[in-house]
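What follows is the residue order along each chain.
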Amino acid sequence: MSDIEHHDHSQPPETQDAGSQALAEALRSSFVIVKIALVALVVMIFAAGFFTVGPQEKAVILRFGKPQGGDQNMLLGAGLHWSLPYPIDEVIRIPITEIQKVSSTVGWYATTPEMELAGTEPPAGPSLNPQIDGYVVTADRNIIHTSATVSYHIDDPGTAIFHFAGGTNRIFNLAGVSNAVQNAANEALILTAARFNVDDILTANVHGFEEAVGQRVNELVERENLGVAIEQCQVKSIAPRQLKDVFEMVTTARQNRDKLINDALSKQNQILSEAGAQAASIVNLAESARTRYVTAITSDAAAFTELLPKYESNPNLFAQLELAKAMTQILTNVQDKIFLPQRADGQPRELRLQLNREPPQPKSAANP
Amino acid sequence: MKKNLITIIIAAGLVVIFALLLFTFQVRQSEVAVLTTFGKPAVNNIEDPNLYFKWPWPIQQVYRFDKRVQNFEDKYSENLTADNTMLLTSVYVGWRISDAKEFFPKFAGGSVEAAQRQLETILRSAKAAVIGKHNLADFVNADPHQLKFEAIESEIENAVQNQLATQNYGISIEFLGIKKLGLPESVTQTVFDRMKSERQVLISKWQYEGEAKATEIKSTAERQAADVIANAQADATRIEGQGVAEAAKTLSVFQQNPELAIFQLQLGALKNSLNQKSTLILDERTPPFSLFQNLPANSK
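Chains as they are written, first to last, in the numbering used here: chain F, 1 to 368; chain V, 1001 to 1300.
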């Protein structure tokens, strides 16, 4: 009985022990699970800190709201990065490419993307609707179309990202700064056009206009402290489509003028070089005539000196001899010789001459 | 004991996190925060990004605002200039919340849109006032000293800035510029007509100028050519003169016997003149035909 009792007695504590033991066992094992879960949680929290940044974006880690890495080095490039879990750290991603590009919005007539792709233009009406057609007014109060495309890169990410709102609160992107650059381009176009004359913008000083627009964009970007650096500013300008023909006629007229002037210049060269050649030949002829004359005189003088003693010994004989010698030569050379003896009665003889000039010979290459 | 420790650590951790959530708040780089105590705003705005302490709601409450520069552009609207030209302008404004504690009670829920509506009203009157004071020549002018474009921009900016400051909206203007400038649609047509006639003037100008310049160039060239030839002829005369002068040096030789000199000269001239293609008529008095008349006699 007592055994049984004892047995009975001992039985319940035993079962109790087993129960609490099982409970403790269960608790212990669940604690292990909790521990594992905790460790896993911690690991997960730390693992969740890893994040990747793609090639077309950059990331910034905000620790308690403050960007990490300083103004110049806050941008994290493409690759794997790690941050502390939220709310200590917060990763913000900014879509950003090396070079950003914006185009002005105010100076061009209304087109649709389809038209731009097809390269066609909307039909030109007699006037421009200010609500849809953009244009600028030039210093000489002409209306033209012009457009600027500005390329820039982010120079100071801290300013560009955290200083300009891109529309939505709490979202970070570069829309705000690109908007500001675009408006700077718009202002630069309007202002620069307002101090240039139409012909300078369209033809005479296209480059100067582009440069002035770029300069103004730079000035505004600097003054407004946008944190970007302008790489390039390209400007294209055209006359209004309504006046395309008449503007082209001016261009043609100008080209004609240039052609006339150029032709005149080449004519000038021709005239001057011909005159130069003629002048040179006149001088050369004179030189050779002089040389010939001086040489002839000198040789005459030499001959004279040689002949003088012979002459002085018997002037008459010398003269007769010389004359006879000369006559021999003359009579050989002369074409017609007519000998006309004196009339026996000593009366003068009448001689009729029919002078017939030889017909002029035509000049030709064969007979110059 | 060990179990308890873990429990305590976990519990403490949870409490800390919970307390942190209740008692702290963060302000980001781009934000400004206003802390109110029982609805009354604190004296200072919280501008610097960091972690801050606060009493939990309902004692203290945090209002955050974006302090970044917002872009605002007004409608393309017409205003009359001082010389009665209707001008269309659109202005862009970079504005931001400069004093959040002043800003948020004035605009429902601190709404940016509400602020921009207010800004547009102020801008409209500022624009009308400033444009009404200027002539069209102040807006477009080839002379940089007369062009007052930038002055007009800063006048509008100052007017808006003053108005904002007087009303104490907690808004400041960072920059302002004219973004679009135009003329009413009907005016564009008359401008086109004027441009067309100006073009035609240019066309005739270029035509005339080309011909005139070309003629000028050619006549100048011809005059220069004539000069060059005249100079050359003068040179030629001078050179011939030099020849004569040089020849004169040999005169002394001939002076020894002028008779012989003249005889020789005449003989030379005779030879030269009676060259080929000449006809010579002679009688017996001309030597050597004098032979026909009388032969020389023997001198005794």
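The hints are simulated quantities; they were obtained by calculation from the structure and are not laboratory data. Quick caveat: nothing in here was measured; it's all calculated off a predicted structure. Each hint should be verified, as a subset may be incorrect.
[As the list claims (entries may be wrong)] Heads up, simulated DSS-like pairs for lysine-lysine below, C-alpha to C-alpha not over 27 Å straight-line: (1) V:Lys1249 x V:Lys1271; (2) F:Lys66 x V:Lys1101; (3) V:Lys1054 x V:Lys1133; (4) F:Lys259 x F:Lys244; (5) F:Lys337 x V:Lys1277; (6) F:Lys325 x V:Lys1213; (7) V:Lys1106 x F:Lys325; (8) F:Lys310 x V:Lys1277; (9) F:Lys236 x V:Lys1249; (10) F:Lys101 x V:Lys1075; (11) V:Lys1054 x F:Lys267; (12) V:Lys1205 x V:Lys1218; (13) F:Lys66 x V:Lys1271; (14) F:Lys101 x F:Lys236; (15) V:Lys1148 x V:Lys1075; (16) F:Lys244 x V:Lys1277; (17) F:Lys267 x V:Lys1249; (18) V:Lys1101 x V:Lys1040; (19) V:Lys1133 x V:Lys1205; (20) F:Lys259 x V:Lys1271; (21) F:Lys259 x V:Lys1054; (22) F:Lys267 x F:Lys244; (23) F:Lys337 x F:Lys325; (24) V:Lys1054 x V:Lys1075; (25) V:Lys1148 x V:Lys1133; (26) F:Lys236 x V:Lys1148; (27) V:Lys1213 x F:Lys310; (28) V:Lys1133 x V:Lys1040; (29) V:Lys1054 x V:Lys1040; (30) V:Lys1196 x V:Lys1213; (31) F:Lys259 x V:Lys1196; (32) V:Lys1218 x F:Lys267; (33) V:Lys1101 x V:Lys1054; (34) F:Lys337 x V:Lys1249; (35) F:Lys244 x V:Lys1101; (36) F:Lys259 x V:Lys1213.
[Unchecked claim] Covered, in the sense of this in silico footprint (three residues per stretch, anywhere, with C-beta under 8 Å from a C-beta of chain F), are these stretches of chain V: (37) 1021 to 1028; (38) 1118 to 1130; (39) 1157 to 1165; (40) 1178 to 1191.
Don't be surprised by glycine CBs; every beta carbon is placed ideally from N, CA and C.
Evaluated hints:
| no. | hint | verdict |
| --- | --- | --- |
| 1 | V:Lys1249 x V:Lys1271 | holds, 25 Å |
| 2 | F:Lys66 x V:Lys1101 | holds, 22 Å |
| 3 | V:Lys1054 x V:Lys1133 | violated, 52 Å |
| 4 | F:Lys259 x F:Lys244 | holds, 22 Å |
| 5 | F:Lys337 x V:Lys1277 | holds, 11 Å |
| 6 | F:Lys325 x V:Lys1213 | violated, 68 Å |
| 7 | V:Lys1106 x F:Lys325 | violated, 137 Å |
| 8 | F:Lys310 x V:Lys1277 | violated, 34 Å |
| 9 | F:Lys236 x V:Lys1249 | violated, 80 Å |
| 10 | F:Lys101 x V:Lys1075 | holds, 25 Å |
| 11 | V:Lys1054 x F:Lys267 | violated, 92 Å |
| 12 | V:Lys1205 x V:Lys1218 | holds, 20 Å |
| 13 | F:Lys66 x V:Lys1271 | violated, 121 Å |
| 14 | F:Lys101 x F:Lys236 | holds, 15 Å |
| 15 | V:Lys1148 x V:Lys1075 | holds, 22 Å |
| 16 | F:Lys244 x V:Lys1277 | violated, 78 Å |
| 17 | F:Lys267 x V:Lys1249 | violated, 47 Å |
| 18 | V:Lys1101 x V:Lys1040 | holds, 10 Å |
| 19 | V:Lys1133 x V:Lys1205 | violated, 38 Å |
| 20 | F:Lys259 x V:Lys1271 | violated, 61 Å |
| 21 | F:Lys259 x V:Lys1054 | violated, 83 Å |
| 22 | F:Lys267 x F:Lys244 | violated, 34 Å |
| 23 | F:Lys337 x F:Lys325 | holds, 17 Å |
| 24 | V:Lys1054 x V:Lys1075 | violated, 43 Å |
| 25 | V:Lys1148 x V:Lys1133 | holds, 12 Å |
| 26 | F:Lys236 x V:Lys1148 | holds, 25 Å |
| 27 | V:Lys1213 x F:Lys310 | violated, 73 Å |
| 28 | V:Lys1133 x V:Lys1040 | violated, 44 Å |
| 29 | V:Lys1054 x V:Lys1040 | holds, 14 Å |
| 30 | V:Lys1196 x V:Lys1213 | holds, 26 Å |
| 31 | F:Lys259 x V:Lys1196 | holds, 24 Å |
| 32 | V:Lys1218 x F:Lys267 | holds, 7 Å |
| 33 | V:Lys1101 x V:Lys1054 | holds, 17 Å |
| 34 | F:Lys337 x V:Lys1249 | violated, 40 Å |
| 35 | F:Lys244 x V:Lys1101 | violated, 57 Å |
| 36 | F:Lys259 x V:Lys1213 | holds, 11 Å |
| 37 | 1021 to 1028 | holds (count 3) |
| 38 | 1118 to 1130 | violated (count 0) |
| 39 | 1157 to 1165 | violated (count 0) |
| 40 | 1178 to 1191 | holds (count 12) |
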